[in-house]
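Q: Protein chains in written order, with numbering that gives the first Met the number 0: chain A, 0 to 283; chain B, 0 to 222.
Hints listed in this document are in silico derivations from the structure and should not be mistaken for laboratory results. Model, not experiment: these values are computed from the prediction. Each hint should be verified, as a subset may be incorrect.
[To be verified] A few chain A residues facing chain B, derived, Cβ under 10 Å: (1) Y1; (2) T140; (3) E197; (4) M202.
[Said to hold, decoys possible] Anything over 12 Å on all C-beta distances counts as not near chain B; from chain A, calculated: (5) L45; (6) V205; (7) G206; (8) I212.
[To be verified] Among the chain B residues that face chain A by a calculated CB cut under 10 Å, a handful are: (9) D70; (10) I73; (11) Y82; (12) T106; (13) G107.
Note that CB positions come from ideal geometry on N, CA and C, so glycine has one too.
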Amino acid sequence: MYAVREGFAAFRRAPVLTGLSSAMVGLALFVVGLFGLAAYNLQLALTAIEERVEVVLYLRDDTRQSEIDLAVEELGGLAEVQGVRYISKRDALAQAREQLPEFGELFSEGSVNPLPQSLEVELRPGAHTSEAVRRVVETGTIYPFVEDIQYGQDWVDKLFVIRRIGAVSAAIMGGAFALVAALIIGTALRIAIFARREEIYVMRLVGATNWFIRRPFLLEGALAGMLGGLLAWLLTYLAYRAVYTWLFAIAWIPIAWVGIGLASGTLFGAVASGLSIRRHLREV
Amino acid sequence: MIKLTHVSKQYPRKGLALDDVSFEVGKGEFVFLTGHSGSGKSTTMRLIHMAEQPTSGEVRVTGYSSAAVSDRDIWKVRRRVGYVFQDFRLLPGRSALDNVAFALEVTGSPPKEIVPRAQRLLTQVGLLPRAGADVSDLSGGEQQRVAIARALANDPYLLLADEPTGNLDERATRGIMDLFWEINAKGMAVLMATHDLELVRSFSQAAVIELDQGKLVYDSRKG
Ligand SMILES: Nc1ncnc2c1ncn2[C@@H]1O[C@H](COP(=O)(O)OP(=O)(O)OP(=O)(O)O)[C@@H](O)[C@H]1O
Ligand SMILES: [Mg+2]
Numbered sequence: 000m001y002a003v004r005e006g007f008a009a010f011r012r013a014p015v016l017t018g019l020s021s022a023m024v025g026l027a028l029f030v031v032g033l034f035g036l037a038a039y040n041l042q043l044a045l046t047a048i049e050e051r052v053e054v055v056l057y058l059r060d061d062t063r064q065s066e067i068d069l070a071v072e073e074l075g076g077l078a079e080v081q082g083v084r085y086i087s088k089r090d091a092l093a094q095a096r097e098q099l100p101e102f103g104e105l106f107s108e109g110s111v112n113p114l115p116q117s118l119e120v121e122l123r124p125g126a127h128t129s130e131a132v133r134r135v136v137e138t139g140t141i142y143p144f145v146e147d148i149q150y151g152q153d154w155v156d157k158l159f160v161i162r163r164i165g166a167v168s169a170a171i172m173g174g175a176f177a178l179v180a181a182l183i184i185g186t187a188l189r190i191a192i193f194a195r196r197e198e199i200y201v202m203r204l205v206g207a208t209n210w211f212i213r214r215p216f217l218l219e220g221a222l223a224g225m226l227g228g229l230l231a232w233l234l235t236y237l238a239y240r241a242v243y244t245w246l247f248a249i250a251w252i253p254i255a256w257v258g259i260g261l262a263s264g265t266l267f268g269a270v271a272s273g274l275s276i277r278r279h280l281r282e283v
Numbered sequence: 000m001i002k003l004t005h006v007s008k009q010y011p012r013k014g015l016a017l018d019d020v021s022f023e024v025g026k027g028e029f030v031f032l033t034g035h036s037g038s039g040k041s042t043t044m045r046l047i048h049m050a051e052q053p054t055s056g057e058v059r060v061t062g063y064s065s066a067a068v069s070d071r072d073i074w075k076v077r078r079r080v081g082y083v084f085q086d087f088r089l090l091p092g093r094s095a096l097d098n099v100a101f102a103l104e105v106t107g108s109p110p111k112e113i114v115p116r117a118q119r120l121l122t123q124v125g126l127l128p129r130a131g132a133d134v135s136d137l138s139g140g141e142q143q144r145v146a147i148a149r150a151l152a153n154d155p156y157l158l159l160a161d162e163p164t165g166n167l168d169e170r171a172t173r174g175i176m177d178l179f180w181e182i183n184a185k186g187m188a189v190l191m192a193t194h195d196l197e198l199v200r201s202f203s204q205a206a207v208i209e210l211d212q213g214k215l216v217y218d219s220r221k222g
């Protein structure tokens, strides 16, 4: 009871400083929140791309049918492979015509067809890993009649790199804000302790436990941290709405992540005050 | 209940504030601690309250030893030993009742018992009629009574009083002394620091310990 009352009293006593602590925690978590938003959507995109990852083997025009049949059988025998489809030059042209109507006018029936024949290797669901892709690619390169192999791996790799860069910059920026937040929380605490030094003195005198004396300050820090978490939630949500409205449709992060963010803000506030409380209490 | 054995206290850049002091205070005893200004009375009190550690020797208080007690356990000593300061150390801007209630609240008394108990304590020190007054508006003698009520809040075994009558006139002094005797009659030990030898002489039933420049020079129980 005492702790709750006094913990809240700090906001009345030093609203600017406590507000600043919250704002800093909020900014730190906002950076993390932005990254989370980006990472989550990137993850969604990656999964979508990975689902579609197919390995396509382009074959030379002079490949014999028996060679093609053998390759279809061998590739189809791989554990990761769902099925292998043969696309003849004619099929390729038909596909191209369908997707790009201008194409059809360029190559009328009978003229030379420039499109290669190919084998489309479809991976089993759940086998869209880079190892699986590599196995298929390795098998494919063995055939002398395979001219070229294409797969989505380039894209996947690039997205992973982007995500790693994002994670590192979010960690650095978030860490910097968190540090500033910790310093400000320490200062706010020092002022709160100073404002209550007479009470603290009497509490010690009459035999209050250390835990009892510290509790309001821990609570104050936790409260500032939680407010910071709420602020970060709001900012991240606004950023999400802005991107969604003006740029492109993205998904909102899972609510569990929001919960984790709020909890870590609260915990951060409590830990930050816990760390500086002992030192400042000794000065009283 | 209190036992000091070969206790010395050295402050930085000072001579010895206490020099090889040994004495005891037993259950229910009333003991005066006398000596000139600067002889080490307050230092002794602070050591017993474990606000400070002796440089050498051991202070034992109700089962706790200065050599072994940890910062986390000091509150247990504080609840067994009430301390009345010369300058009261009350919280200004709060009523007499609030000051006593504060001590009960921060030591974990059940919320429902706090106000009735604080009122009973103020009754005991004869200050109930002034319970609602801001302590800053009370007279020295009245403030002293609030400080005593607060020191009694946790039913201590021992009451330490540092110059409790230092700033009071003769009548107020007698009132406070009567109160201490009353408290002592109920079985609580009292150790009172004072340089008022007149006062000490007028209570010949009490034991007397005298300090001089940090040394124990007289203990009435040892002759
Ligand atoms: N915190 C301290 N730092 C340095 N010296 C101190 C400290 N506290 C007390 N002393 C010194 O120790 C000696 C004993 O002081 P103490 O306060 O115990 O005396 P006292 O008997 O209570 O005196 P008084 O009757 O004036 O209250 C004094 O010389 C004092 O200057
Ligand atoms: Mg003194």
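Q: Find the hints from earlier in the document that the structure breaks and name them by number, from lowest to highest.
A: 2, 6, 7, 8
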